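Model the full assembly from the supplied sequences, consistent with the hints where possible.
Protein chains: 2
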Amino acid sequence: MTESVHTNIDLALVHFPVYNKSGDVITSSVTTLDVHDISRICRTYAVDAFYVVTPLETQQKLVRRLMDHWLEGYGSEYNPTRKEALLNTRVVSVLDDAVADIARRRGEKPRTVIPSAKPFPQSRSYPEVRAALRNNDPHLLVFGTGWGLEKGIVERADIILAPIDGLSGYNHLPVRAAIAIILDRLLGRDTRAE
Amino acid sequence: MTESVHTNIDLALVHFPVYNKSGDVITSSVTTLDVHDISRICRTYAVDAFYVVTPLETQQKLVRRLMDHWLEGYGSEYNPTRKEALLNTRVVSVLDDAVADIARRRGEKPRTVIPSAKPFPQSRSYPEVRAALRNNDPHLLVFGTGWGLEKGIVERADIILAPIDGLSGYNHLPVRAAIAIILDRLLGRDTRAE
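Residue numbers (numbering that gives the first Met the number 0), protein chains in the order written: chain A, 0 to 193; chain B, 0 to 193.
Think of the hints as simulated: they come from the structure by calculation, not from any bench. These numbers were taken from a predicted model, which means no experiment stands behind them. The reader is advised that the hints may include incorrect statements.
[To be verified] Only some residues are given here: those of chain B computed to face chain A with a beta carbon under 10 angstroms: (1) D36; (2) L166; (3) R175; (4) R184.
[As the list claims (entries may be wrong)] Below are the DSBU-like pairs computed for lysine-lysine, each with C-alpha atoms no more than 35 angstroms apart in a straight line: (5) K60/B - K20/A; (6) K60/A - K150/A; (7) K108/A - K150/A; (8) K150/A - K82/B; (9) K20/A - K82/B; (10) K82/B - K20/B; (11) K20/B - K82/A; (12) K117/B - K82/A; (13) K82/B - K60/A; (14) K82/B - K117/A; (15) K150/B - K82/A; (16) K20/B - K117/B; (17) K20/A - K108/A; (18) K20/B - K60/A; (19) K60/B - K82/A.
[Claimed, not checked] Output of the computed footprint for chain A on chain B, the stretches with three or more beta carbons under 8 angstroms from beta carbons of chain A: (20) 41 to 50; (21) 158 to 165.
Backbone N, C-alpha and C define an ideal beta-carbon position, used for all residues, glycine too.
Set out below in structure tokens:
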């Protein structure tokens with residue numbers, strides 16, 4: 000098993016409150032594939048904990064059952080890299096529970112970092128956020144599912160990050176792809192300056 | 000619908016010949032989610048065509064049925080961003096068919112770019128490949144599924160790209176996440192130099 004590297008970064012994937020296609024605030028369903036993919040991506044970039052945020056008890060049970068299978072059950076022997084990825088995955092009811100858990104673990108509340116297409120007073124560029132993450136203060140990267148995080152949560156973020164713009168004007172990346180790209184931009188080795 | 004931006008870059012996802020966990024050369028199954036995710040990622044970074052490569056006729060039919068549903072059927076109205084993503088997706092039997100199709104479309108064979116963890120004489124850094132893609136020569140980015148592309152294909156690549164190394168020594172990204180990160184590094188706006 001790969002040695003653990005601890006960083007000051009945690010990540011949350013939020014299923015409530017988020018918008019649906021029509022602009023209603025809803026609770027989106029947990030996608031088990033997101034849990035696996037994002038756990039692997041977080042592990043690759045040494046994110047400390049990955050919080051799956053859903054208030055629905057049935058959905059929480061689904062994630063816990065999935066984790067039990069791969070951490071303890073047959074899956075742990077069948078696919079050890081999946082097991083390793085899930086070791087730092089946790090389930091909480093609301094985003095504040097993730098913040099509280101981090102405050103308890105680290106002795107300090109994290110600053111929240113949320114991507115948004117809209118400009119805010121607390122909007123920062125990728126190099127600025129990359130630099131901010133290099134100090135030792137705890138930071139929590141927060142991503143919404145569905146059609147995006149409820150705007151009150153976004154407005155209360157400590158740091159707003161520009162969204163990913165590709166080259167085509169088309170911007171409909173799956174959240175798991177957006178997380179992969181953003182973690183590489185913020186935490187990856189700087190391969191462009193080689 | 001977003002206006003089409005044409006580039007000199009195409010991408011192939013190969014299901015044969017690839018390795019399985021035991022090191023046998025096999026044909027991996029097409030994951031419909033890979034088709035959707037990678038189509039969206041390619042569209043975001045203005046990749047011209049996305050080739051799903053599988054010699055199995057049943058698997059080719061599966062991809063075509065999926066595409067028909069989202070391009071022509073009920074899905075095209077339900078989710079137009081998914082339709083738009085799939086417009087440039089194609090199914091071919093072998094990698095050489097993708098190369099031949101590109102040669103026919105562009106009047107010139109593409110140079111192949113393949114990521115590999117091993118060093119080769121044709122290994123290049125991300126900045127070198129990023130610069131190479133900026134000229135007008137056609138390039139085909141080739142990714143394997145399963146436990147990776149059969150080594151003969153890798154050895155014949157025109158350019159070998161370093162794999163993604165995160166921060167933790169853990170390197171088991173899903174192929175759809177690796178493609179997202181690599182396209183952002185090679186084609187994305189240079190947000191680190193802002």
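Hints, one by one, checked against the model:
1. D36: At about 5 angstroms, which falls below the 10 angstroms cut-off, the nearest Cβ of chain A leaves the hint on D36/B intact, so it holds.
2. L166: 4 angstroms, holds
3. R175: With Cβ-Cβ at 7 angstroms, under 10 angstroms, it holds.
4. R184: 6 angstroms, holds
5. K60/B - K20/A: The hint holds at about 30 angstroms.
6. K60/A - K150/A: 28 angstroms, holds
7. K108/A - K150/A: This hinted pair holds, its Cα atoms lying about 21 angstroms apart.
8. K150/A - K82/B: 28 angstroms, holds
9. K20/A - K82/B: Satisfied, since the Cα-Cα distance of roughly 16 angstroms is no more than 35 angstroms.
10. K82/B - K20/B: The hint holds at about 34 angstroms.
11. K20/B - K82/A: The given pair, whose Cα atoms are some 16 angstroms apart, holds under the 35 angstroms limit.
12. K117/B - K82/A: Holds, because 26 angstroms separates the two Cα atoms, which is no more than 35 angstroms.
13. K82/B - K60/A: With a Cα-Cα distance of about 34 angstroms, the restraint between K82/B and K60/A holds, given a limit of 35 angstroms.
14. K82/B - K117/A: Given that 35 angstroms is the threshold and the Cα spacing comes to 26 angstroms, the pair holds.
15. K150/B - K82/A: 28 angstroms, holds
16. K20/B - K117/B: Holds, at roughly 18 angstroms.
17. K20/A - K108/A: Holds. K20/A to K108/A sits at ~33 angstroms (cutoff 35 angstroms).
18. K20/B - K60/A: OK: K20/B and K60/A at ~30 angstroms, within 35 angstroms.
19. K60/B - K82/A: This hinted pair holds, its Cα atoms lying about 34 angstroms apart.
20. 41 to 50: holds (count 4)
21. 158 to 165: It holds: at least three residues are needed, and the segment 158 to 165 of chain B offers 4 whose Cβ sits within less than 8 angstroms of chain A.
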